[in-house]
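**Q** Sequence:
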Amino acid sequence: MNEVKSPKKPLVYYYAIVILVILALNFLAVPWLSQRQVKEVDYGTFMTMTENQEIGRVEVQNNQILFTNKDDTQVYKTGLMDDPDLIYRLKDSGAEFSSEIVEQMSPFLSFLLTWLLPIVFFVALGQFMLKRMTNKAGGPNSMMFGLGGSNAKVYVKSAEGIKFSDVAGEDEAKENLTEIVNYLHDPAKYQEIGASMPKGVLLVGPPGTGKTMLAKAVAGEANVPFFSMSGSEFVEMFVGMGASKVRDLFRQAKEKAPCIVFIDEIDAIGKKRDGQVGGNDEREQTLNQLLTEMDGFEGNNGVIILAATNRPEVLDKALLRPGRFDRRVPVELPDLQGREAILKVHSHDVKMDPQVDFHTIALATSGASGAELANIVNEAALRAVRMGRSEVIQEDLEESVEVVIAGAQRKGAVISPEEKKVIAYHEIGHALVAASQKDSAPVHKITIIPRTSGALGYTMQVDTQEKVLMSREELYNKIVTLTGGRSAEEVVFNLVTSGASNDIEQATKLARAMITRFGMTDEFDMVALETVNNAYLGGDTSLACAPETAARIDEAVFAVVKKAHEEAREILEAHREKMDELAQYLLKKETITGDEFMDILHGNMKQEEPETVEASVVPETTDAPQA
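Numbering (the numbering used here) for the sequence shown: 504 to 1130.
Calculated from the structure, these hints are not laboratory results.
If you're wondering where the values come from, they're calculated on a predicted model, not measured in any experiment.
Hints may be right or wrong, so weigh each one.
What the hints assert, rightly or not - Label-pair ranges, simulated between beta-carbon atoms:
# : residue 1 : residue 2 : range
1 : Gly915    : Pro1050   : 20 to 28 Å
2 : Pro1050   : Lys1012   : 31 to 39 Å
3 : Gly910    : Gly1106   : 58 to 66 Å
4 : Glu682    : Gly743    : 32 to 40 Å
5 : Asn997    : Pro920    : 12 to 20 Å
To be verified - With a straight-line cut-off of 30 Å between C-alpha atoms, the simulated DSBU-like cross-links for lysine-lysine are:
#  : residue 1 : residue 2
6  : Lys1081   : Lys923
7  : Lys923    : Lys1066
8  : Lys923    : Lys1092
9  : Lys774    : Lys820
10 : Lys774    : Lys692
11 : Lys692    : Lys666
12 : Lys854    : Lys914
13 : Lys573    : Lys542
Think of the CB as a built atom: it goes at the ideal place given N, C-alpha and C, for glycine as much as any other residue.
Between the sequences and the hints, there should be enough to build the whole structure, so can you do that?
**A** Quick look at the structure:
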């Protein structure tokens, strides 16, 4: 879409004022000032001053005589008389005298000096002063110069506009929005049957899922003007300015109907009104004005309101009622098929190896948003350039996934051999426990190369298929896998390090969720003991139970994690020889694939005799290897 910038109306008024000022100067001020400098006297005074030799210079004009005193400090004028002896008296007085030589000024030069140059001067001066004042006031978008205008970005149809084909992975959302496009193309079809289109459509979902892109795609498909404004742009210091911007925005929309008005991050002005003393009057007035404007629309007038937010739970109920935002369109994180489609869309303009398998990358990026997938493709392209290749291969994409998840490799990190050995056993502990369980995702990659995220190593597991539901056994096995790293340190070295900090955090969260939200214990059964806040923004939780119940929940969490820890130790003790063999291979290679890991585990790959590992004390590391 091409942005249309509205003209600066205040400059028109400024130019009009400049012209009026020049007119006043040319026709009133300049002649008046000239007259004020000349003193008018009678002819007798002129003759007396001439006889007394008190004049300096004399100029005889057509209808008057101009003369000065002896010191040239004052100019006088008098009327012209029929005086034949005037020349002789002037000669005797010793004055300088002459007659006027009338020269006609060029019309072009007269116009240039009188009109053009003053206009250019005033316009340049005005532009300079306006720029200085704007910069001092905080820029052209400051409230002083906004004067209640909406400052909305206006886009019109263009051949390069975003279409639905440019948005992948959100088929359900596109299907919902297709009706909006059809209505804008042919509103008579809906009016004929008596149907009225939704006045407002609310797009909700996590950050990076493409809510803003979907709104632009609707405008691109419909080929109608598109007004875009962020919710934070309505928030002003003075009460009433935000409401004024809302009025201006909807006024422009009505003038250009049919059109689309898009308000991004509407939760900035659409929060619930609590009625508390000392509340935000400016925000509430802005919200009230928005509610009024949306109610003021006549049916089927061709103006569609789109809004996006990732905090729908904080919006005012009056904003969400039918007649305002009638339709709520979820824009969720893409599934396996959606992620694969998104990767292909973002790869259109990137030279890709024909052998690239997007399905494998989609499996490895479970839970990634569209923005993160786009970043993965771009990181892969950058890596291909760094490696001197002309196209992106599978290795580039796999490495970019790791860069986005765990950060770039810290090639300059200095780790002692003893600590490196602990890290290797830690990661092999994760992988070995995972491989020894029935309901666990296969091991894809193991590495002990440090990452910029703080991880000293990690074990990547990739499911062979997308999973929507997780059973109690699967979640418990995941906790067992998370405790495998610490268990390996205990079994081999008889010590504990800080390397398991991230594993401990994840295991605790999973165990608590099993008890408080998933109802996976006999003691608490199907009782919700915890609520999730801001599901789209991290999902912080808060307990909703008595203190005594909270204490029992803690005991249950302790029991689950402790049982999983003991089970992981038993698995590793039973496979001690294989753990030593795998750790030595990992120390030598630093990075091994899941296939290499399984070959060694099943005895399909011959290895050198593993070294005997002594239980020596190793200093605790500050960076945490992550599973």
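**Q** Compare the structure with each hint and give your call.
**A** Tested hints:
no. : hint                             : verdict
1   : Gly915 with Pro1050: 20 to 28 Å  : violated, 50 Å
2   : Pro1050 with Lys1012: 31 to 39 Å : violated, 21 Å
3   : Gly910 with Gly1106: 58 to 66 Å  : violated, 35 Å
4   : Glu682 with Gly743: 32 to 40 Å   : holds, 37 Å
5   : Asn997 with Pro920: 12 to 20 Å   : holds, 18 Å
6   : Lys1081 with Lys923              : holds, 18 Å
7   : Lys923 with Lys1066              : holds, 28 Å
8   : Lys923 with Lys1092              : holds, 12 Å
9   : Lys774 with Lys820               : holds, 9 Å
10  : Lys774 with Lys692               : violated, 36 Å
11  : Lys692 with Lys666               : holds, 23 Å
12  : Lys854 with Lys914               : holds, 28 Å
13  : Lys573 with Lys542               : holds, 15 Å
Hint compliance for this structure: hints 1, 2, 3, 10 are broken, all remaining hints hold.
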